[in-house]
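Peer 1: All chains, full assembly: derive it from the sequences and hints.
The sequence shown runs 1 to 462 under this note's numbering.
Fair warning: there could be bad hints in the mix.
As the list claims (entries may be wrong) - Computed beta-carbon distance windows for the label pairs: (1) 261 / 110: 40 to 48 angstroms; (2) 29 / 137: 20 to 28 angstroms; (3) 339 / 81: 50 to 58 angstroms; (4) 137 / 339: 29 to 37 angstroms.
Bear in mind the hints are in silico, worked out from the structure with no lab data behind them.
A quick note: this is a predicted structure, and the numbers were derived from the prediction, not measured.
Virtual Cβ for every residue (Gly too), placed ideally from N, Cα, C.
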Amino acid sequence: MAAAARQTSHSFAVSRHSLCKLLGYLTGFWVAVLLLQPQWLLGTFFWGSSSAHGIDYWCIPRGFLNLLAGQSMFDTFAGVQFGGPPVTWYLGHPVFVLLVAPWFAFFRPELSLWLWSVATIALLLCVGWMFSRRASSELGKSACIFFSVFGFPALNLLSSGNMHGWLVLALALTVVGLFDLSRGVRSGQRELAAGLLISLFSKPILLFALPMFLLVRQTRKATAIVVAVYVVVSLLCVLVPPLNPASVGLQREIALFFDPAYVRGHMNVYNNHFVLTAEMKDNAIHWLNLVAQSDFYWDHIQIFSLSAFLNGLVGVQLPAMLYKLPLLAALLASFCVPLVRDETARMRAAMWATVLLLLTFFLSYNTVWEYQYTAIIPVLLLGIVLLDHGIDAGNARWLVVSGAVISLPSLYFLFGEKITIGEFAWMRSTRVLPICVLYIVVASTLWRRYLWPSLKRSRQVS
Numbered sequence: 001m002a003a004a005a006r007q008t009s010h011s012f013a014v015s016r017h018s019l020c021k022l023l024g025y026l027t028g029f030w031v032a033v034l035l036l037q038p039q040w041l042l043g044t045f046f047w048g049s050s051s052a053h054g055i056d057y058w059c060i061p062r063g064f065l066n067l068l069a070g071q072s073m074f075d076t077f078a079g080v081q082f083g084g085p086p087v088t089w090y091l092g093h094p095v096f097v098l099l100v101a102p103w104f105a106f107f108r109p110e111l112s113l114w115l116w117s118v119a120t121i122a123l124l125l126c127v128g129w130m131f132s133r134r135a136s137s138e139l140g141k142s143a144c145i146f147f148s149v150f151g152f153p154a155l156n157l158l159s160s161g162n163m164h165g166w167l168v169l170a171l172a173l174t175v176v177g178l179f180d181l182s183r184g185v186r187s188g189q190r191e192l193a194a195g196l197l198i199s200l201f202s203k204p205i206l207l208f209a210l211p212m213f214l215l216v217r218q219t220r221k222a223t224a225i226v227v228a229v230y231v232v233v234s235l236l237c238v239l240v241p242p243l244n245p246a247s248v249g250l251q252r253e254i255a256l257f258f259d260p261a262y263v264r265g266h267m268n269v270y271n272n273h274f275v276l277t278a279e280m281k282d283n284a285i286h287w288l289n290l291v292a293q294s295d296f297y298w299d300h301i302q303i304f305s306l307s308a309f310l311n312g313l314v315g316v317q318l319p320a321m322l323y324k325l326p327l328l329a330a331l332l333a334s335f336c337v338p339l340v341r342d343e344t345a346r347m348r349a350a351m352w353a354t355v356l357l358l359l360t361f362f363l364s365y366n367t368v369w370e371y372q373y374t375a376i377i378p379v380l381l382l383g384i385v386l387l388d389h390g391i392d393a394g395n396a397r398w399l400v401v402s403g404a405v406i407s408l409p410s411l412y413f414l415f416g417e418k419i420t421i422g423e424f425a426w427m428r429s430t431r432v433l434p435i436c437v438l439y440i441v442v443a444s445t446l447w448r449r450y451l452w453p454s455l456k457r458s459r460q461v462s
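Peer 2: This is how it looks when you write it as structure tokens:
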């Protein structure tokens, strides 16, 4: 019996080692696919990919070159020509153009885009490396590296050239920082601060998590420093004339922030048919655009939001407030996290609440593009690490399974370019439904494992 057990154990170890090697080979293969981006593959799995290569990238170097020419960095449809057409409108934080774009803006457009692709892959591999360092098994480490780059949303990200890879890095740093803090590793504060800062200076998807981080003692100092740096740098980007050459003036900027109806009616790039007004060339548009598109709904084939999925499924546009409920519920849950008394449990609750708030982007925001599902990569990798450590293992499995499903192609390949509006919902199902499952699992874990037991003890003590 003992000999049989040893043989079985040895066979299992050999199988795991072989699987690790296989994942290594598959990682190398997929990195090659991301670099080569075969047109037949893009055309099979993504609508309009043949004419949109690098569409979201060209605006980044254009923004910087515009600034050097004394023009608005947000006037990327006009101004200095670099790459394209087609080209999209730059909407990231102004400081991103100042710090990142110069590294790519002085090469030939084709080489610049290729270098950007290499940099994006490096960012994704960095995300995998961070999580692999926290995995406790060789298989877990290999899986973290593989799933950091594998997936059709990642292929769509590389094809479009979007800056979303930086946001994936920011989310990973934030989640890893919270995981480390839950294990008593104080350096997690640095990772949390770096993640928040990169997110705020690229795409502010973690904006709604800031109140929770300011309320939780372990994250308060790091978050306060980040917010202070963000406010000062943002003000400089708006107030310093060489950085905001197309400014409409401070008085007008302030007036716009207090007139959301005007912003929604006159400063939505889609309603304006991609014609930019003078106010949309001011650096303040980075923040005002959040208001301009807050209630905007567009049933485009490349949009994979919950509202697009449900409205297409039922054939009518459901009330906009319905889609805000996941965000409101997640915000309410995040405000309860500081009430968790045990420090380890509090940081784990903060980690789950951060994931919950991230998921609301796909459920409560109307304009969600397919490449933006790469934001689920840190969630999938967190599931692998939690499974390795036996932390919330039952629910962590759902993070891995749902994340893996999202990594697979959408059902567009079943329909091709002949897809009809009535078939959009089926195409979107493999993106939106796993997000709904994730939201339910994460909310359930946060409430049942952390918030409810803490609230119940507080009531008993009182």
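Peer 1: Look at each hint and say if it fits the structure.
Peer 2: Here is how each hint holds up against the structure:
1. 261 / 110: 40 to 48 angstroms: holds (44 angstroms)
2. 29 / 137: 20 to 28 angstroms: holds (23 angstroms)
3. 339 / 81: 50 to 58 angstroms: holds (55 angstroms)
4. 137 / 339: 29 to 37 angstroms: holds (34 angstroms)
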